[in-house]
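J.: Add chain B to chain A, keeping to what the hints say.
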Amino acid sequence: MNARIQQLRRESFEATPRISIERALIETEFYKKHQGQHSTPVLRALVFKELCTQKTIYIGDDELIVGERGPFPKSVSTFPELTCHTAKDLRILNNRAMTSFKISDEDIDRYAEEVVPFWQGRSMRERVFSQVPEAWAKAYQAGLFTEFMEQRAAGHTTLDNTIYQKGMFDFKNDIAQALIRLDFLEDKEAAQKADELKAMDIACDAAIAFADRHADLAAQMAAHEKDPKRREELKTIATVCRRVPAHAPETLHEALQMYWFVHLGTITELNGWDAMNPGRLDQHLYPFFQKGVADGTLDREKAKELISCLWVKVNNHPAPPKVGVTAKESGTYNDFTNINLGGLRPDGSDGVNEVSYIILEVIDELHLLQPQSNVQISDKTPDRFLKAACRVIRKGYGYPSVFNADEVVMEQIRVGKSVEDAREGGCSGCIETGAFGKEAYILTGYLNVPKILELALNNGVDPVSGEQLGPETGDPLSFDKFDDLYAAFVTQLEYVVDLKIRVNNYIEHMFAENAPAPFLSVVIRDCIKNGRDYYNGGPRYNTNYIQCCGIGTITDSLSALKTHVFEDKSVAMEDLLEALKTNFTNNEALRLKLWNKTPFFGNDDDRADAIMQKVYASLFKAIDGKPNTKGTEYHLNMLSTTCHIYFGKMLGATPNGRLAELPISDGTSPSHGADRNGPTAVVKSLGKMDQVKSGGTLLNQRFLPEVLEKEKDLDKLVQLIRTYFRFNGHHIQFNIVDTDTLKKAQAAPDDYADLLVRVAGYSDYFVDLDEYHQQEIIERTVQNRF
Amino acid sequence: MQTGIIFDIKRYAIHDGPGIRTTVFFKGCPLTCPWCHNPEGIDQSPRVVYRKSMCIGCLECIDACPEKALSPGPDGIITNELYCQHCGTCVDTCPAGARERAGKTETVESLMETIRKDVPFFDTSGGGVTFSGGEPLMQAQFLWEMLEACGKEDIHRVLDTTGYTDPDTLKRVARGIDLFLFDLKFMNAEQHRHFTGVSNEQILKNLELLANLGSRIIIRIPLIPGINDNKDNINNMATFLAHLPQIKTVHILPYHDFQKSKYEKFSMNYQARDIKPPSPERVEAIRKHLADTGLSVEVGG
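If you read the protein sequences in the order shown, they are chains A and B. Going by my numbering, the first residue of the first sequence is number 26, and it counts up by one from there. Going by my numbering, the first residue of the second sequence is number 173, and it counts up by one from there.
Treat each hint with caution, since some may be false.
Dumping the calculated BS3-like pairs for lysine-lysine here, alpha-carbon to alpha-carbon at most 27 Å [stated by the list, open to error]:
no.: 1; chain 1: B; residue 1: LYS343; chain 2: B; residue 2: LYS420
no.: 2; chain 1: A; residue 1: LYS769; chain 2: B; residue 2: LYS182
no.: 3; chain 1: B; residue 1: LYS182; chain 2: A; residue 2: LYS713
no.: 4; chain 1: A; residue 1: LYS347; chain 2: A; residue 2: LYS163
no.: 5; chain 1: B; residue 1: LYS276; chain 2: A; residue 2: LYS737
no.: 6; chain 1: A; residue 1: LYS768; chain 2: B; residue 2: LYS434
no.: 7; chain 1: A; residue 1: LYS113; chain 2: A; residue 2: LYS163
no.: 8; chain 1: A; residue 1: LYS646; chain 2: A; residue 2: LYS713
no.: 9; chain 1: B; residue 1: LYS434; chain 2: A; residue 2: LYS769
no.: 10; chain 1: B; residue 1: LYS432; chain 2: A; residue 2: LYS768
no.: 11; chain 1: A; residue 1: LYS737; chain 2: A; residue 2: LYS405
no.: 12; chain 1: A; residue 1: LYS347; chain 2: A; residue 2: LYS57
no.: 13; chain 1: A; residue 1: LYS737; chain 2: B; residue 2: LYS420
no.: 14; chain 1: A; residue 1: LYS769; chain 2: B; residue 2: LYS276
no.: 15; chain 1: A; residue 1: LYS316; chain 2: A; residue 2: LYS260
no.: 16; chain 1: B; residue 1: LYS434; chain 2: B; residue 2: LYS182
no.: 17; chain 1: A; residue 1: LYS622; chain 2: B; residue 2: LYS276
no.: 18; chain 1: A; residue 1: LYS713; chain 2: B; residue 2: LYS240
no.: 19; chain 1: B; residue 1: LYS437; chain 2: A; residue 2: LYS768
no.: 20; chain 1: B; residue 1: LYS182; chain 2: B; residue 2: LYS240
no.: 21; chain 1: B; residue 1: LYS448; chain 2: A; residue 2: LYS735
no.: 22; chain 1: A; residue 1: LYS622; chain 2: B; residue 2: LYS343
no.: 23; chain 1: B; residue 1: LYS420; chain 2: A; residue 2: LYS735
no.: 24; chain 1: B; residue 1: LYS432; chain 2: A; residue 2: LYS639
no.: 25; chain 1: A; residue 1: LYS260; chain 2: A; residue 2: LYS327
no.: 26; chain 1: A; residue 1: LYS412; chain 2: A; residue 2: LYS506
no.: 27; chain 1: A; residue 1: LYS622; chain 2: B; residue 2: LYS448
no.: 28; chain 1: B; residue 1: LYS289; chain 2: A; residue 2: LYS718
no.: 29; chain 1: A; residue 1: LYS622; chain 2: B; residue 2: LYS182
no.: 30; chain 1: A; residue 1: LYS316; chain 2: A; residue 2: LYS506
no.: 31; chain 1: A; residue 1: LYS412; chain 2: B; residue 2: LYS448
no.: 32; chain 1: B; residue 1: LYS324; chain 2: B; residue 2: LYS182
What follows is a list of derived Cβ distance ranges for each label pair [to be verified]:
no.: 33; chain 1: B; residue 1: LEU231; chain 2: A; residue 2: ALA512; range: 52 to 62 Å
no.: 34; chain 1: B; residue 1: ASN402; chain 2: A; residue 2: GLN771; range: 31 to 41 Å
no.: 35; chain 1: B; residue 1: GLY323; chain 2: A; residue 2: ALA635; range: 26 to 36 Å
no.: 36; chain 1: A; residue 1: ARG370; chain 2: B; residue 2: PRO417; range: 45 to 55 Å
no.: 37; chain 1: B; residue 1: ASN407; chain 2: A; residue 2: GLN32; range: 54 to 64 Å
no.: 38; chain 1: A; residue 1: ALA772; chain 2: B; residue 2: LYS224; range: 17 to 27 Å
no.: 39; chain 1: A; residue 1: GLN32; chain 2: B; residue 2: ASN402; range: 29 to 39 Å
no.: 40; chain 1: A; residue 1: GLN771; chain 2: B; residue 2: GLN257; range: 30 to 40 Å
To be clear, the hints were calculated from the coordinates, so they are not data collected in a lab. Glycine residues also receive a C-beta, built at the ideal position from the N, C-alpha and C atoms.
In isolation and in its complexed conformation, chain A is listed as follows:
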C-alpha cells in the first residue's frame, strides 16, 4: 500500500457515516413541480437527471477515481419515494449506539417540513402495506417470512463486460435504433416501450452530465493546484471524466472510472439491495492492464494503486439505513458489493489472470468492510490461485469466500440460461447466483422454515402470538406416524409460500409501475432491445428467489421427533409439546436428551441427512417454478445472511433442544454445535443436498488461525474445498476465529463444539480443552495478531 492509498484508506475508514438529505430535497422538489407532466419512466429519468446536474459533487485530496453519491464520503442518501424516514427515525439513527448515522437537528427539521409531508401516503412502502391481506400481515408480523422490497428496491445487480465496450453515446444509439424499430400498429405495448426508451435516453444524458461536472471541477482544481504532480493528476481526472461514461474506456484508469460512474448512477437512481457489483472485475480489467503494460503507460504497481482507489470508493458508501428502526436495533454498514475473481471465461477456459492476483493483494492490504470479494473455483482453476486466496482467508477477514464455478454454471443451465451467459455469471451479495449483466434476480425475502414446523405442531396456531396463522392441519397428538406430522408440515409450508408469493407479485407490479430504473436498464442487456424496464421483465433473464432459512434447525427438529417420539417412543408427543411450550423449564434432562441423543445434520449421518433431503425436496416443490409477474419463475435459495437471528427471536423452543429466541441455524450450515465430527463430515452432509436445484447455498466453517499456520495446512484446506466442490457444493467460507469468539466458546461450549484449534503438533476441538489451555490459546491468538 503506498502513501496515497494509506491516506485514502484511513480517511474512508475514519469517516463518520452521515445522512445527507440533499437527494431527498432535490427529488421532492422535482416531484412537486413535475409529477403528472410525464410518463412514470420519463419522470424517473428526469429526477435522475436533476440529481446528476444539481447534487453537490466532490473530488477529495489525492483521489484518482472520483465521485460520491452523497456530498461527501460516507454521506448516505435517503429514498423517500420508496421508504420515507420520519423525524423520529432520523433522530434514532443519529443517537443509537450501534451503526449510527449522524444528522443535524436542522436537517431533521427541514426533512420533516419539506420531505415527509409530500411522501406521506405516497411512498412505495405505505402504498404496499395499505393493500396487503390481513393473513399476510399477521404472518409477516409473526416472523414467518421477511419482505425485501418493503424497504429497498430489489438488488443483486451485477454487470457484465458491456460497459467496457460501449459508452453512453453507443447506448443512446442503440436506444434510437430500438425506438425506430417499434411497431405502433402491431405491438400493443409500443407506446409503453417508447416511454421507457425515451427515459433510458435521458438517463444516458444524465450520466454524461454528471461526469462532465466532475471534469469541470477537476480542471478548475488543476488550475489552482500548486503541487505540479497533483496538478497533472487532476488534469488526467478531467480527461478521464470527459471520456467516460460518454465513450467506451481505453485505459485501465478509464475502465475503473467508467465502472464507478455506472455504479454511482444505479445507486443514485434507486437504492437496490446489494448496491451494485462489477461482476468479474479481473476479467473486465485484464485487457486494459495488458494494453497499458504493453504500451508502457502502466505497470503492476500503478494498476494496483488505481484498483485500490476503487476499493476505497466502494467503502465510502454504507448501505442506506432502514426506516421504522429501533434504538437497539443494529444494522450493517455493508452494502454487499461482492467482487468475483477467477472462475471461467464465457468460452469455458480458466478465467484467472494477473489482475486476479493483483486484486487478491488489494483485498489483503486494504481489508476494508467493503467491497467484499469471492473467488470462483472451477476444476480448471489452478491450485496456485486457490492457495493464494486461502492465504488471504487465513488472515481472518472472513473473505474471500469460495464458490464452485462449475456448480454455479450448472445451476444456471438447469433454469435455461445459455452456457456462455452462465459462465459469465457468478455470485453477488452473499451467495446468489445470476447471469451477470443480463438478469434481474430478485430476492423476495427469507422464509422461516423452522417456524413453519412450529405451526404444524400447533395446528396452524403461532404459539408465540397466539394467532391462527396457517391452516388447521390436525392436533399433533392424533398423529400416529412421522409421515402424518410431515404431511402437516408440507401443508403449512405450501400455504405460507403461496401467501408470500401472492404479495411478492403485487409488490413487483408496484415497482414495475411506479419505480422503473431507466439508468440501470441501459446497462443490463436486452432491456433496450425489449423496450422494457429492469423491473418489468426487460433483462434477458428474470428470476425471483425465496431464501429458505434454518435447514439445520428443521432437520434436527424433525429428526428428534422421528427418533424419540415415533420410533423409540421414549418421549411422548404430549410431553414434548409441553416442554416446548414451557421452553424446557424444569426439563433440562429432556432438552439434553434431544440435543445429545438425536442424529443431527452435519455429521455425515444418513439418518439425519435423509430428513434434510426430504425437507429440501419439499421446499423445492413448494417454490420452484411458481410463476412471477414477468412470465418467468420463482426458485429457491438457501441463505439467511443475519436473518437466522431475527427468525430465532420469533420462534419458541424447538424439538432439537434449542431454547426459545435463540438463533436458528445459518445458511445451509448445521445447527451451531450440532456438527460433532469435524469439517469432512459437514462437507459430506452438505454434499447430499442437491444444490444444483438452488440459486445458492451457504456453508460457514470456523477454524482457528493455528489450524492454518503452515503451508502444508493450507494445502489441506485447499483439498477440503476441492473435495466439497466434487460433491457439487456451491459455496464455503471460513471464519478464522478471533478472541471474542473464543471467549464466547468458553461461555457456551455447546454452541462451539465444532471449533477446531491447533493445539501443539496436532489439532483438537477447543471445547475439549481445559479452561487453562483455552485461556492460553486465547492469549496466544492475540499475540499472533500483533
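T.: Just chain B, lined up with the frame of chain A:
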C-alpha cells in the same frame, strides 16, 4: 469375527501423515510414558468414565444400570467398581453426556464403514488412514485385518507406533503399511526403561529391521525438556539414524501439557505435571542440530 478395542476416531486429522486422514486410536500400550498425551489409551480394557461437571443429577443412569452398580452420592454419581461391567448402558442413557466410553469394541466392518466415509478426501489430498494409539501392534491380529481391508480398497495406511513388539509380528504387519511414524525416545536402554517401563533394545532392533526391509519410515521424537532433550541423547539418535537406510525424515514433537485435563477426566495421576514445554528457540536449536547431520527435520507432524 476379529474385533478390536478402539478409544477414538478422528476425521480431518491433518497432522498424522500425508494429506487429510482419519486416525483410529487403538486402546492398550506396553509403554507407560509419564507424559503420554493419550493416557486413556494405555489400559487395554474399555472403561466408562464419569464427568461430574456435566452431570445434571437426573439419576436416569441409576435406573438404567443393569448391574445396579450406580448410586447417588453427595458429590455426584458413585460407581461401585465391583459391580460395574463397563457395558456402557449408562452412556447411552445419560442425556447430558456426562458418562463417556473410553474404548469401544469395533469390528473390521464397523471401522471400515467410518473410514470409508472420508475416502473422497483421501483421494483429493493423498491422505488415508492412520492407526495410532495406544499401540496398535498390541492388537496385531485385528490391525492386520484392518490393514488388509484398507489395502483391498486402496486406502493409504500409516502406522503410528512405539515400535515395541516382537520382530515376527512387525515383519508380518510391515507388508500392509505404506508409511511408519516410528517413535524414538531415548538411545540409552536404562533411561528408556526408567521412563517408559520397557527397554529400548527391541525397539531399536525393530527400527533397523524395518529400515532394512525397505519400509518407508518417518522418525518422531517427542521432545521432553529435562528428560530426553540432552545433547548426548540427540547426538546418539543422529548417529544411530545416520547409518540406517531409508530414513531421511524426522519430526520433532515438542512436549506440551494439553493432555493434563485428560488425566483429571480419567482420574489418573499426571506424573509429568512439573515439566514445562520447551521454548521455540530450544526446539529450533535441536531441529537445526539434527538437520545438520543431513536429515530432513520438521517440527510438528
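J.: Are any of the numbered hints broken by this structure? If so, which, sorted upward?
T.: 5, 14, 18, 20, 22, 24, 26, 27, 30, 31, 33 and 39
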